[in-house]
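Protein chains in written order, with the numbering used here: chain A, 22 to 285; chain B, 37 to 829.
Derived from the structure by calculation, the hints contain no laboratory data. Warning: the hint list may mix true and false statements.
Mimicking BS3-like on lysine-lysine, the simulated pairs with C-alpha atoms at most 30 Å apart in a straight line are [stated by the list, open to error]:
| # | chain 1 | residue 1 | chain 2 | residue 2 |
| --- | --- | --- | --- | --- |
| 1 | B | Lys101 | A | Lys65 |
| 2 | B | Lys58 | A | Lys60 |
| 3 | B | Lys490 | A | Lys283 |
| 4 | B | Lys814 | A | Lys283 |
| 5 | A | Lys190 | A | Lys237 |
| 6 | B | Lys224 | B | Lys209 |
| 7 | B | Lys49 | A | Lys190 |
Quick caveat: nothing in here was measured; it's all calculated off a predicted structure.
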Amino acid sequence: MYDFTYEKPSSLADAVKALSGDMDAKALAGGQTFIPVLKQRLNKPSTVVDLSKLGLSGITVAGDKIVIGAMTRHADVASNPDIQAKIPGLAYLASMIGDEAVRHRGTIGGSLANNDPAACYPSAILALGGTIKTDRRSIAADDFFQGMFTTALEQGEIITSIELPIPQKSAYEKFRNPASRYAIVGVFVAKHASGVRLAITGAGQGGVFRHTEMEKALSANFSPDAISGIVTPADGLNGDIHASAEYRAHLIGVVSKRAVAKAA
Amino acid sequence: MGFEGIGASVRRKEDVRFLSGKGNYTDDINRPGQLYAVIKRADRAHAKINRIDIAAASAAPGVVKVFVGEDMAAEGIGGLPCGWQIHNKDGSPMAEPPHPVIATGKVRHVGDPVAVVIATSKQEARNAAELLEIDYTDLPAVANLTDAVKPGAVEVHDGVAGNICYDWVIGDKAVVDGVFASAHKVVKLDLTNNRLIPNAMEPRVALGDFDTSSGDFTLYTTSQNPHVIRLLMGAFVLHIPENKLRVFAPDVGGGFGSKIYHYAEEAIVTWAAGKLRRPVKWTAERSESFMSDAHGRDHVSTAEMAIDNEGHFLGLRITTLANMGAYLSTFAPAVPTYLYATLLAGVYKTPVIYCNVKAVFTNTVPVDAYRGAGRPEATYLLERLVDVIAYETGIDKVELRRKNFIPADAFPYQTPVALQYDSGDYQTTLKVALKNADWDGFEARRAEAKKRGKLRGIGISTYLEACGIAPSAVVGSLGARAGLYEVAEIRVHPTGSVTVFTGTHSHGQGHETTLAQLVVDQLGVPFDQVEVVHGDTAKIPFGMGTYGSRSLAVGGSAMVKAMDKVIAKGKKIAAHLMEASVEDIEFKNNTFTVAGTDKSKTLTDISLAAYVPHNYPIEELEPGLDETAFYDPKNFTFPGGCHIAEVEIDPETGVVAMVNFTAVDDVGRVINPMIVEGQVQGGVAQGIGQALLEGCGYDADGQLTTGSFMDYTMPRANDIPNMSVATENTMCTHNPLGSKGCGEVGAIGSPPAVINAVVDALKDYGVRHLDMPATGAKLWSIIQAATPRMAAE
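Assemble the whole structure, with the sequences as input and the hints as a guide.
In structure tokens:
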């Protein structure tokens, strides 16, 4: 990695200040993407601002919502009894990210801010209709994800927590890239009182997206059969050496049905 | 303390230090005043180097020196040598273009070294390497085998027409063609053997040191064969005589063949250490490993078998294109010839065989031996072809194999492709494997899987390999530029403990345990009083190293020979001490006894007398008890056996799950059953990796598309099923241990078993063959293509 200045502020205000004043400053959450990127010299930050002393981790149940601190590690989400009981799809999703080492360093806030098109978390937050809380505002999941590696976050804006409505049912299914184990197609389905939301990661050229045709069918009939006739076009989907766009389009149907079967 | 001799599953003594972080790997070694080298590598597959501007890099903080290819060439530093010369079918030698240590004039593959930056820290060297300005003129590249041999293809080396390194044959084409012309039926199969990237856990490291007082060089390196590196680098590249060059390969974290070869970085750091009079270390980044460690496999073949109306094999005819990459790695030419075509009889009586191999240069990383080396390619081709014969004739695939097996009473058996097998019993390994795999119960398992919506298939491979390489005169006549004997020194210390100095090298195989068990067995010395030393040319008399499953069969045999000498000398000392005739002295269980009496002396009594020769036959016998033996094998060894794989395919996604794997191998005498089981498991894991997951890719421009673990699929623990591993051994008849070798059998026998199982699972889809790796995406496409046809029927 290139040389950089390292800062570890102990207040949110200091962290925001460090990141806002310098376009080349970068935040370090769990570092499970960022550190490898630095090691490969693909990024040359002036300052790395470590967010680990801001007190942003923890999981609380607040009425009909679960609030997860941005610096909460994947392993803590996966093993949290409240999440396991109330949003089992999310606990399962967290348990399938990377490997043990990654899960004990990587954070939900870091994953969302990075918005890797093959990351798992964006599908959950979008399907659950979550709200991303930052140092300055609340952003609805539907507004947050704005394309591959792109979010609504402003320069220096730090995610503090994620607020997730507790759905009636939830499940996540992941078809993994055999090499990287990222999602080739990851489907998070959540059945809310207001209807079903189903979000797909790994497949779209623009990152995570909701499959509205499936949502409509599932809102009427929450069963795998309800979506078995839905064909997802390959247009706009990713193709790479591991999976063509056509294969991904097909997998969206298969994986979505399996997610619904698991949730139902 | 229980039984710790031959046959005991003694726990691996080296694992204590490996598992507790106390291993001593090359990168753990640091020398005073050490500098760090970073290699600037070509980022393109084929280009002319017009100019390299080193000014900014040389002036960067911490930089001591920047070297380019011309700096080495100006000092008369030759290219990297090739250790094996193959001859064309017309008798002329193979094309052997120069392999500069650092590229001069042109780069020929992504990863080709272009310059080396040496600085006081690695960080500074990396920073400075980015300041190198290299002016290239890009040339068209060719990465793909079949493209490289097309008329008008880009030439990787000037003067190597058509990119053909050699055009080699074995067998009599006219005779084989005659058999084909009159055969009942000919079955033909086109297939590829996918290119693999070895990926040892420990990346390569080289540390060169120069002693300014003695003028001695030391190279610390991640090598499977330090003496071979000393010979190749000292004699052929840097012109340093052996007495001034020590090569030390300490603990090495996996090799699988990729650490046999003499690599550019070893020569660079050793040469630079002498130039700069300071130690110079290079440590590979993982991404460098992908583009600079020799790759494996990469064949395209057409195979044809002529059969009679009962399915007897009458003749085999094969043409193979084998990728050499951009330059000839140390043993590359031998792999698709003498380690491949000579194995094409397999376990079968096929009376005539003809094979033509064209080795081809491409703009890719050099290709050389990788676990199995040629034998997996031969086995895969043969065992797939046999299954296709069964498919086309309707003959049961087990029965077809049985009726063509070389029978157990036919040994020694001379094949039509040069090798003479000494022992084996293929019917027995087959029978036991069928039983262990519950072959007969498979159809019930298939039916049960079908109820769950899964396509279950079973596949079998009855394989043979040749290892324990090799008789020096034989390999010399075949083009090897080295002998392939092995060396052992047995030092019995004054108080009876033993140090073994072996010319083999352990990089995960557990030699410190297995070889110590030989001493326990033969000399009766307790296991904890035996130390095995390897890897250091300053300590070991000589050695050819570890590859080709040779360490026990060849290196262990050298130990037996050296221990025989220890015992012979001990008997003379014992005879003197007990005032008996040498002929009457017997040695057993650590004790010399006068036959028929109760007079005895322990080995310790004898060793003490040997080193404190107060009462000693000093007129006839030298003091000391330290014997060295060189053992040159009389033949290859021929492990073989039967592997059975069972898979389930999810037809909705195409994804294959390995559900069962059964191996029954004949590896000759087993010293440590636990280690053999582990070796087989590891080899099978690599074979499953090749069959289902791994595939090195290059795009049309010669860029590596699988240059990291994000895209190159290494098998993980959960890709590998629990395995049933057993042995049914016949003894090697020509070495003193009877051992054949077990390091590669797993990687050789398993890939065709897995693919045969995948093809079997897809039998209702009309699949006759598919190429490795059988990824979900590939199988889904096959299933998709077949489904409308099935619906129409």
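Outcome of the hint check:
Only pairs whose Cα atoms come within 30 Å are accepted, and Lys101(B) paired with Lys65(A) is accepted, the gap being roughly 26 Å. Distance check on the hinted pair: Lys58(B) and Lys60(A) sit about 26 Å apart at the alpha-carbon level, within 30 Å; holds. Distance restraint check for Lys490(B) and Lys283(A): the Cα-Cα separation of roughly 19 Å lies within the 30 Å cut-off, and the hinted pair is therefore satisfied. Under the criterion of a C-alpha separation no larger than 30 Å, the hint pairing Lys814(B) with Lys283(A) is consistent with the structure, at around 27 Å.
The hinted pair formed by Lys190(A) and Lys237(A) meets the criterion: a straight-line CA distance of about 16 Å does not exceed 30 Å. Taking the CA atoms of Lys224(B) and Lys209(B), the gap is near 17 Å; set against the 30 Å cutoff, the hint holds. Our distance criterion of 30 Å between C-alpha atoms is broken by Lys49(B) and Lys190(A), whose separation comes to about 53 Å.
When the structure is compared with the earlier hints, a violation turns up for hint 7 alone.
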